[in-house]
Amino acid sequence: MKETNDAVGASTPRIDAVGKLLGKTSFPADLSRPHMLYGKVLRSIHGHARIKDMHVREAEEMPGVRSVVTAKDVPGENSQGVLYTDMHVLADKEVRSVNDALAVVVADTEEIASKASKLIKVDYEVLPAVFDPETAMQEDAPHVHPELKTNVLYHLPIRRGNVEEGFEKSQVIIEDTYRTQMVDHAFLQPEAALAYQDQRGHLVINVATQYVHWDRVEIARVLGWTENRVQVVCTAVGGAFGGREDMSLQPLVALAALKTGRPVKMILNRKESFAAHSKRHPMVMSYKTGVDNKGQLIAVKAKIIGDTGAYASWAPNILRKAAIHAVGPYKCPNVEIDSYAVYTNNPFAGAMRGFGAAQPPVAMESQMDRMAEKLAMHPLTIRWRNALEEGDTTATGQFLGSSVGLKETMLQAARAAGWTIDDQTGEVNSYG
Amino acid sequence: MAANLNLKVNGQEYQIKVDPAKRLLDVLREDLGLTGTKEGCGEGECGTCSVILNGKLVNSCLVLALQADKADILTVEGLAENGKLHPLQQAFMKEGAVQCGYCTPGMLLAAKALLDSNSSPTKEEIKLAISGNICRCTGYDQIIRAVESVVKARERN
Amino acid sequence: MSFSYQVPASISEAVSLLGELGNDAKLLAGGTDLVIQLQADKYNSNVLIDISRLDEMRKIERTNDSLIVGSLCTFDDLCKSSLIVKYAAALAQASAAVGSPQIRNQGTLGGNLANGSPAADSIPALMALEAQVGVASAHGVREVKLEKLLGGVGFTNLTPHELITYFRIPFDQSKYSAFAKLGRRNALAIARISVGITVAMSGGEIVAGTLALGAVGPKAYRVEAVEKMLVGRRPARELWPDIEEALSAQVAEKLGDRASAPYKRQAVKGVVSAAWERLVAGMSLNMEV
Chain A
1 MKETNDAVGA STPRIDAVGK LLGKTSFPAD LSRPHMLYGK VLRSIHGHAR IKDMHVREAE
61 EMPGVRSVVT AKDVPGENSQ GVLYTDMHVL ADKEVRSVND ALAVVVADTE EIASKASKLI
121 KVDYEVLPAV FDPETAMQED APHVHPELKT NVLYHLPIRR GNVEEGFEKS QVIIEDTYRT
181 QMVDHAFLQP EAALAYQDQR GHLVINVATQ YVHWDRVEIA RVLGWTENRV QVVCTAVGGA
241 FGGREDMSLQ PLVALAALKT GRPVKMILNR KESFAAHSKR HPMVMSYKTG VDNKGQLIAV
301 KAKIIGDTGA YASWAPNILR KAAIHAVGPY KCPNVEIDSY AVYTNNPFAG AMRGFGAAQP
361 PVAMESQMDR MAEKLAMHPL TIRWRNALEE GDTTATGQFL GSSVGLKETM LQAARAAGWT
421 IDDQTGEVNS YG
Chain B
1 MAANLNLKVN GQEYQIKVDP AKRLLDVLRE DLGLTGTKEG CGEGECGTCS VILNGKLVNS
61 CLVLALQADK ADILTVEGLA ENGKLHPLQQ AFMKEGAVQC GYCTPGMLLA AKALLDSNSS
121 PTKEEIKLAI SGNICRCTGY DQIIRAVESV VKARERN
Chain C
1 MSFSYQVPAS ISEAVSLLGE LGNDAKLLAG GTDLVIQLQA DKYNSNVLID ISRLDEMRKI
61 ERTNDSLIVG SLCTFDDLCK SSLIVKYAAA LAQASAAVGS PQIRNQGTLG GNLANGSPAA
121 DSIPALMALE AQVGVASAHG VREVKLEKLL GGVGFTNLTP HELITYFRIP FDQSKYSAFA
181 KLGRRNALAI ARISVGITVA MSGGEIVAGT LALGAVGPKA YRVEAVEKML VGRRPARELW
241 PDIEEALSAQ VAEKLGDRAS APYKRQAVKG VVSAAWERLV AGMSLNMEV
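Line by line, the protein sequences give chains A, B and C. The numbers in this note's numbering rise by one with no breaks, and the one at position 50 of the first sequence is 50. The numbers in this note's numbering rise by one with no breaks, and the one at position 59 of the second sequence is 59. The numbers in this note's numbering rise by one with no breaks, and the one at position 21 of the third sequence is 21.
Since the hints were derived computationally from the structure, they do not count as laboratory data. Errors might be hidden in some of the hints.
[Claimed, not checked] Stretch-level coverage of chain B by chain A, calculated; a stretch enters the list once three of its residues show a Cβ under 8 Å from a Cβ in chain A:
(1) 26–39
(2) 42–52
(3) 67–77
(4) 87–94
(5) 100–109
(6) 133–145
[As the list claims (entries may be wrong)] Computed from the model, here is a short list of chain C residues facing chain B with C-beta under 10 Å:
(7) T74
(8) Q102
(9) Q106
[What the hints assert, rightly or not] Beyond 10 Å from chain B on every Cβ pair, some chain C residues (computed):
(10) L17
(11) D24
(12) S66
(13) S81
(14) V85
(15) L150
(16) A200
(17) M201
(18) P262
All figures in this text were calculated on a predicted structure; none of them were measured in a lab. Using N, Cα and C, we set each Cβ at its ideal position, and we do this for glycine too.
All chains should be built: construct the whole structure from the sequences, respecting the hints.
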């Protein structure tokens with residue numbers, strides 16, 4: 001391609017488009033190596049249980065089965081996690097969610113591995129579990145990680161001005177609790193990975209991941225190896241949206257390849273994929289907001305509880321972001337926010353598009369609509385009158401010195417809706 | 001209890017032995033090495049495994065291989081001819097209709113099946129034709145534009 | 001999962017195989033449900049009988065008072081058939097509402113009945129059209145009213161030796177029909193409620209009507225109380241409020257305190273109204289001709 005100065009503003013074809021259009025691009029499930037074996041994961045069927053015993057012999061003895069990998073086969077640390085290593089790679093004493101892997105059956109074919117995994121008998125003692133984050137915050141709730149002596153993983157308080165004084169001055173106050181649900185990324189390509197040892201004896205892991213260099217740290221820790229002996233190769237990634245930031249198959253396929261001395265491929269079906277990766281945090285958001293008779297926000301009080309499930313993943317960062325976005329893109333002198341990340345025995349939550357910024361608007365924007373309704377004000381007017389502009393300071397004390405395009409964006413949106421806005425008063429006229 | 005299976009895929013004849021439980025998708029990917037056809041859900045919801053079987057778009061995860069005995073099949077690998085991209089492939093590239101690429105093979109074949117039976121579909125007909133194919137990167141607009149651009153180019157000629 | 005695969009060359013070969021094997025065999029038509037069951041290891045027969053090539057069961061014919069629709073007709077065949085569109089609009093509309101283009105290319109009318117899903121799209125349409133089902137066995141062919149074959153969730157009243165070969169749909173020129181469905185989205189949605197409706201007209205007045213609901217309870221059923229209410233009315237663009245209310249009450253009674261009841265007893269009004277608007281549109285279209 002000739003070098004020109006026309007690149008800025010021009011659309012250039014993606015360099016990976018041709019391979020993808022021809023069907024030649026390799027996703028991990030498309031890869032094969034000679035003498036390759038297949039691995040199948042057995043996961044917990046309980047939210048919380050003690051593993052009294054696990055019988056693998058019948059599976060091991062099935063023709064075609066090469067190995068059953070369990071916690072005993074982890075040479076390094078049996079733990080993983082992007083912020084806290086609070087998740088076992090292979091559980092052996094206790095399971096804390098249906099995410100927990102117990103064993104990997106490695107066999108000549110996928111079908112054999114799948115059949116054999118069903119022959120493993122796990123003797124569970126079901127323990128009290130907690131599936132609701134508000135319940136999990138109560139004193140008498142069972143602890144997901146008993147050594148922490150609390151289920152509250154993270155708390156961020158934000159204080160600005162005095163909310164009680166703000167509510168006293170408010171003309172309209174709305175108070176309510178909003179809940180969002182757990183959401184799966186449902187990226188189109190279910191997890192798959194291929195691991196083998198190269199001529200140097202180094203372990204090579206082909207996987208679709210969002211976090212190649214961190215994967216290497218985690219795998220090396222599990223193997224008890226130095227990082228230079230672990231090579232993570234990122235194949236084409238069939239969508240991720242945050243769901244491929246945590247470990248899924250990487251340490252498991254590495255252990256399987258190491259134990260058998262053969263290349264091992266693992267492919268999850270859709271159902272297994274749902275159990276293998278994080279979810280969007282369900283949040284419980286209790287809001288109390290007040291405005292004066294002109295629709296000016298005076299006070300926002302919010303309590304946000306994010307259910308991170310059994311494992312932390314990115315929860316502190318995500319609940320921090322939720323807190324930062326709790327007031328929306330609006331000015332408010334009096335703010336009191338408490339954001340919590342709470343452990344439960346639900347499937348774990350982690351990064352997903354927006355990273356904590358997607359849930360609070362459900363609550364805050366509903367509050368804005370309801371306050372506007374009470375004031376008999378157009379919903380765009382109340383937002384216009386509170387919209388952040390250059391020179392403003394956010395609820396968390398961030399000074400916005402430049403590049404604040406909110407009002408310009410609102411103007412464009414209004415135009416598209418067939419509305420005009422008086423930029424002094426924020427009053428809206430419809431001509432559409 | 002392996003059985004004989006005769007297939008014509010992308011113009012090439014194959015004769016293999018398969019287990020009756022095998023799906024067409026498995027045979028394409030594992031026995032014939034045509035991994036361009038993807039598995040996304042395994043139950044006909046996502047369309048990533050779409051192929052054209054005797055002229056009809058089908059989910060190859062819902063077809064048993066032996067059901068396709070003696071069939072003529074087109075997969076994504078058969079779209080380009082003599083090293084030249086199919087007009088749909090060119091249009092997908094030009095319109096930015098390829099993102100993660102996992103839905104792309106199925107989308108291309110859904111669009112191909114449409115254009116084979118309808119030379120100048122409307123936008124609504126294009127949407128209907130790809131309604132069995134999910135794009136989680138949500139690049140539907142670009143995909144629809146790509147198909148429209150092929151239709152327009154045809155109409156010009 | 002291991003089984004043998006048989007490909008009979010004719011209906012008689014297929015029924016004689018079924019006669020021998022009975023419960024030991026399972027029939028494969030379109031495969032859109034069966035292949036999923038195979039993958040999920042929910043399959044426990046030793047023989048799979050692939051009838052998908054029996055083209056004698058993939059015809060659509062017209063006699064002087066009926067359409068004979070082969071059980072292997074795919075939904076794509078049905079929604080594109082001019083005979084079905086003209087004489088059994090409800091079935092054409094139901095077929096167009098099934099799954100996705102891929103599923104419509106694969107799934108068959110016979111399979112939709114045999115699979116026993118309470119949400120099968122074609123069933124309320126066929127029921128409203130008062131379809132009879134041709135069932136073959138080694139002992140010959142019998143014709144049964146569709147309702148008699150519906151067993152419940154996941155099963156029919158067919159014996160393991162029987163094969164659905166065709167559907168007989170009576171028609172007359174004075175009859176109009178339509179179908180509508182409510183799903184969570186347009187494509188690939190399992191019906192939450194579906195409805196088939198027909199009216200027979202004389203002198204601008206409804207002289208007879210049928211109305212069948214699907215996905216409300218374990219099997220589709222006719223709502224006779226509402227059918228009677230239709231008689232004697234002159235069709236208008238919108239469905240009558242008293243009929244909407246009667247349907248709502250009927251659904252409430254059927255579902256009792258099931259979780260879906262509060263939603264469905266409201267939603268049924270919208271679904272039946274949508275079907276009605278289609279029916280009336282078809283009627284005026286025909287009158288212009």
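So, going through the hints one by one against the coordinates:
1. 26–39: The restraint on the stretch 26–39 of chain B holds, since 7 of its residues have a Cβ under 8 Å from chain A and three suffice.
2. 42–52: Held - the stretch 42–52 of chain B has 4 residues with a Cβ nearer than 8 Å to chain A, which meets the minimum of three.
3. 67–77: holds (count 3)
4. 87–94: holds (count 4)
5. 100–109: holds (count 7)
6. 133–145: holds (count 4)
7. T74: holds, 8 Å
8. Q102: Where the cut-off is 10 Å and the nearest Cβ of chain B is about 5 Å from C/Q102, the hint holds.
9. Q106: holds, 5 Å
10. L17: Fine: 15 Å to the nearest Cβ keeps C/L17 off the interface.
11. D24: Nearest chain B Cβ is 15 Å from C/D24, so the label holds.
12. S66: holds, 28 Å
13. S81: Given that every Cβ of chain B is farther than 10 Å from that of C/S81, nearest at about 15 Å, it holds.
14. V85: holds, 17 Å
15. L150: Given that every Cβ of chain B is farther than 10 Å from that of C/L150, nearest at about 24 Å, it holds.
16. A200: holds, 32 Å
17. M201: holds, 32 Å
18. P262: holds, 28 Å
The structure fails none of the hints (numbered hints given earlier).
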